[in-house]
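Novice: Sequence:
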Amino acid sequence: MNRIESFICTAICMFFFFSSCIKEDLTDCPLPLQVVFSYEDDGTGLNAITQNDLKEATLFVFDENENLVTSWSVSNPILGSIYQPDIELVPKKYHFVVWFNLSYPYSYTPNLSGNPTEDEMAFHLDIPAIRRIDESETFSLPVSLYGYQEDVIKEARVNTVTIPLVQNSNVINLTVSGLTPTTDDYRFSIKDNNANYNFDNEIIACDDFDYTQVVSFSPASNTLNASLTVMKLAADHRHPVIAIEQAGETLFPKRELDKNNLIDLILARYPDNDFNKRHVYNIEIVFTTDMSVSIIVDGWNVVTNGSDNVEIIPD
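Note that numbering that gives the first Met the number 0 has the sequence shown beginning at 0, numbered continuously upward.
What the hints contain is simulated information worked out from the structure, not anything from laboratory work. Just so we're clear, the structure is a prediction, and the values are computed from it rather than from any experiment. Take these hints with a grain of salt, some might be off.
[Said to hold, decoys possible] Quick list of in silico lysine-lysine cross-link-like pairs, DSS-like style, CA-CA up to 30 Å:
#	residue 1	residue 2
1	Lys253	Lys190
2	Lys91	Lys153
3	Lys190	Lys258
4	Lys153	Lys92
5	Lys92	Lys276
6	Lys258	Lys276
7	Lys190	Lys276
8	Lys276	Lys54
9	Lys54	Lys253
When you get a sec, could you build the whole thing from the sequences and use the hints?
Specialist: Have a look at this one:
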């Protein structure tokens with residue numbers, strides 16, 4: 000076959016391929032994709048995400064065998080908007096995974112150039128060598144959102160895939176009252192091991208690290224206040240614990256009755272808590288004159304009864 004015959008043959012093949020896509024049979028035709036990111040919180044408005052929180056969305060597309068097909072990113076994503084990435088997919092089943100704000104201090108592995116599978120990929124909160132995330136009035140962890148959807152690209156001109164999101168970041172507002180004001184520094188910390196996640200958003204346990212913030216008494220104030228952003232909380236993940244140090248010495252917990260497991264405290268206040276929808280918690284630790292403590296979670300007093308159990312009463 001000479002070059003002219005080869006060209007004619009190729010042209011005829013392409014004609015029949017594209018003509019089949021123009022007609023009814025779209026089985027082997029790459030089709031445009033539309034994507035919508037949806038999000039639902041608990042409806043109170045206390046856990047609302049602002050547009051300024053959403054810097055970037057990164058979408059990963061895997062086939063039904065969990066092989067990476069492609070990825071795509073969009074800056075300043077708007078929840079509920081319809082996006083049409085520069086992606087075309089042939090009709091079959093796909094897994095769609097999205098992470099929001101996937102830049103420092105967040106990252107993922109491995110590098111996409113190696114065509115990793117979905118099972119090989121992981122999300123990370125990058126922990127410094129000192130095993131401590133230092134937060135302050137000027138720095139806290141960015142909002143982290145995760146989304147997953149399985150969907151079938153059908154033989155239609157446009158396929159719209161809606162990906163429901165869950166929030167992986169939580170704000171823990173801590174207040175201490177009942178102490179005599181000093182000029183000391185006080186370090187608030189929440190110890191956990193939840194820095195890594197697979198692409199099903201399950202925690203991959205790591206070595207313990209601390210979310211911390213150093214505060215001191217403000218002039219004319221009798222309370223200490225800290226606000227820590229922490230990663231995913233879950234009823235079956237009873238690892239995070241609260242601690243307070245004064246000038247390097249442990250102030251809380253001091254006694255066996257001092258309950259400091261964050262999940263236990265939240266579940267005492269909200270026995271049926273939906274950790275996927277409620278993401279802001281206010282915890283007050285009140286010291287008495289004998290340095291015993293009572294703990295108030297969102298306006299309810301957590302009462303210890305001498306065992307591992309806790310109960311709550313209105314404050």
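Novice: So which of those numbered hints doesn't the model satisfy?
Specialist: Going through the list in order, the structure violates hint 9 alone and respects the others.
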